[in-house]
Amino acid sequence: MPVEIGHDEVQQLIAAGAYLLDVREREGYDAERLPGAVSLPIKTLDRETTDHLDRNRPVITYCWEWT
Amino acid sequence: MSDRAASRLESLGFTRVYRYSPGKDGWLTMALPTEGPDAATPRAGDVADRDAPTCALHDRLGDVRDRLRAAGETSCIVVNDQQVVLGRVRLEALDGDAEQTVEAVMEAGPTTVRPSEPLDALIERMQKRRAASIVVSTADGVLVGVLHRADGERRLSEQKGSVLDSAAISPAANPTRAGTPGRSR
Numbered sequence: 486m487p488v489e490i491g492h493d494e495v496q497q498l499i500a501a502g503a504y505l506l507d508v509r510e511r512e513g514y515d516a517e518r519l520p521g522a523v524s525l526p527i528k529t530l531d532r533e534t535t536d537h538l539d540r541n542r543p544v545i546t547y548c549w550e551w552t
Numbered sequence: 553m554s555d556r557a558a559s560r561l562e563s564l565g566f567t568r569v570y571r572y573s574p575g576k577d578g579w580l581t582m583a584l585p586t587e588g589p590d591a592a593t594p595r596a597g598d599v600a601d602r603d604a605p606t607c608a609l610h611d612r613l614g615d616v617r618d619r620l621r622a623a624g625e626t627s628c629i630v631v632n633d634q635q636v637v638l639g640r641v642r643l644e645a646l647d648g649d650a651e652q653t654v655e656a657v658m659e660a661g662p663t664t665v666r667p668s669e670p671l672d673a674l675i676e677r678m679q680k681r682r683a684a685s686i687v688v689s690t691a692d693g694v695l696v697g698v699l700h701r702a703d704g705e706r707r708l709s710e711q712k713g714s715v716l717d718s719a720a721i722s723p724a725a726n727p728t729r730a731g732t733p734g735r736s737r
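As you go down the protein sequences, you meet chains A and B in turn.
Heads up, my numbering is the position in the first sequence plus 485, with the first residue counted as 1.
Heads up, my numbering is the position in the second sequence plus 552, with the first residue counted as 1.
Hints are computed from structural coordinates only; laboratory data are not their basis.
These figures come from a predicted structure and were not determined experimentally.
We put the CB at the ideal spot given by N, CA and C, even for glycine.
It cannot be assumed that every hint is accurate.
[Unchecked claim] Output of the computed footprint for chain A on chain B, the stretches with three or more beta carbons under 8 Å from beta carbons of chain A:
1) 622-634
2) 676-685
[As the list claims (entries may be wrong)] So, partial list: chain A residues that the calculated Cβ filter (under 7 Å) puts toward chain B:
3) A500
4) R511
5) T534
6) T535
7) V544
8) W549
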């Protein structure tokens, strides 16, 4: 199960090398995003688009607001 | 959406998946930095007075009145133990029986806005409605502060002056945006 985290953990995990994935539509990402985030819209998430990512590295997802 | 994305990543073989459920809105609520062209947009949370006075439902009117007058404040936000906004009470409403409770005179369910709300559109709405201030809270109702319209107007005026100054120095390098772009969610 994915683990829910807060602001502090986000920053700690990024410092430790985690991927930070912005899963909103690309337009929202382009306008404004969390520092260091990579755009990977939820509709595009598949084996091909994530092939270059290390499966054992921590990965954090976020979107616009509470979900 | 981030929960579905996180689950999808697990199904794709990722072993350490985390979900930042407050999202970008929660990030902005904490006044943390962002990147991108909209990052410079002033927002309600940037200008809100985060030390706005608060009181509890069962506080005595007389006590709250004395506190507000001593602090030179004109209103108090009524919150519960979790700092969730329950109401608002203005100084003039506290002139009644000092033994009454705040609950008896408060305005229940005041209008609130999110800290991430772009300031220019918000101030325009406040001007139209002649609202001098508005409560700023998180998505789950926790008080962030009170935005005074005068502070917002001052901030926008300063920003406008700054943009004009920059344009005068290097017009090509500082294209003026025609208003704040709409937010993409």
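Against the structure, the hints:
With 0 residues having a beta carbon nearer than 8 Å to a beta carbon of chain A, the region 622-634 of chain B misses the requirement of three or more and the stated coverage is violated. As drawn, the region 676-685 of chain B meets chain A at 0 residues by the rule of a beta-carbon pair under 8 Å; below three, the given contact is violated. The restraint placing A500 of chain A at the interface with chain B is violated, with a minimum CB-CB distance near 14 Å, outside the 7 Å limit. Proximity of R511 of chain A to chain B is violated relative to the hint, the smallest CB-CB distance being about 9 Å (cut-off 7 Å).
With 7 Å as the threshold, the beta carbon of T534 of chain A stays out of range of chain B, its nearest partner Cβ sitting at about 9 Å, so the hint is violated. Annotation: interface hint on T535 of chain A holds; nearest CB of chain B at approximately 6 Å, less than 7 Å. About 5 Å separates the beta-carbon of V544 of chain A from the nearest beta-carbon of chain B, less than 7 Å, and the hint is met. Interface restraint check: W549 of chain A against chain B, minimum CB-CB distance 4 Å, threshold 7 Å, status holds.
When held up to the earlier numbered hints, the structure conflicts with 1, 2, 3, 4, 5 and fits the remainder.
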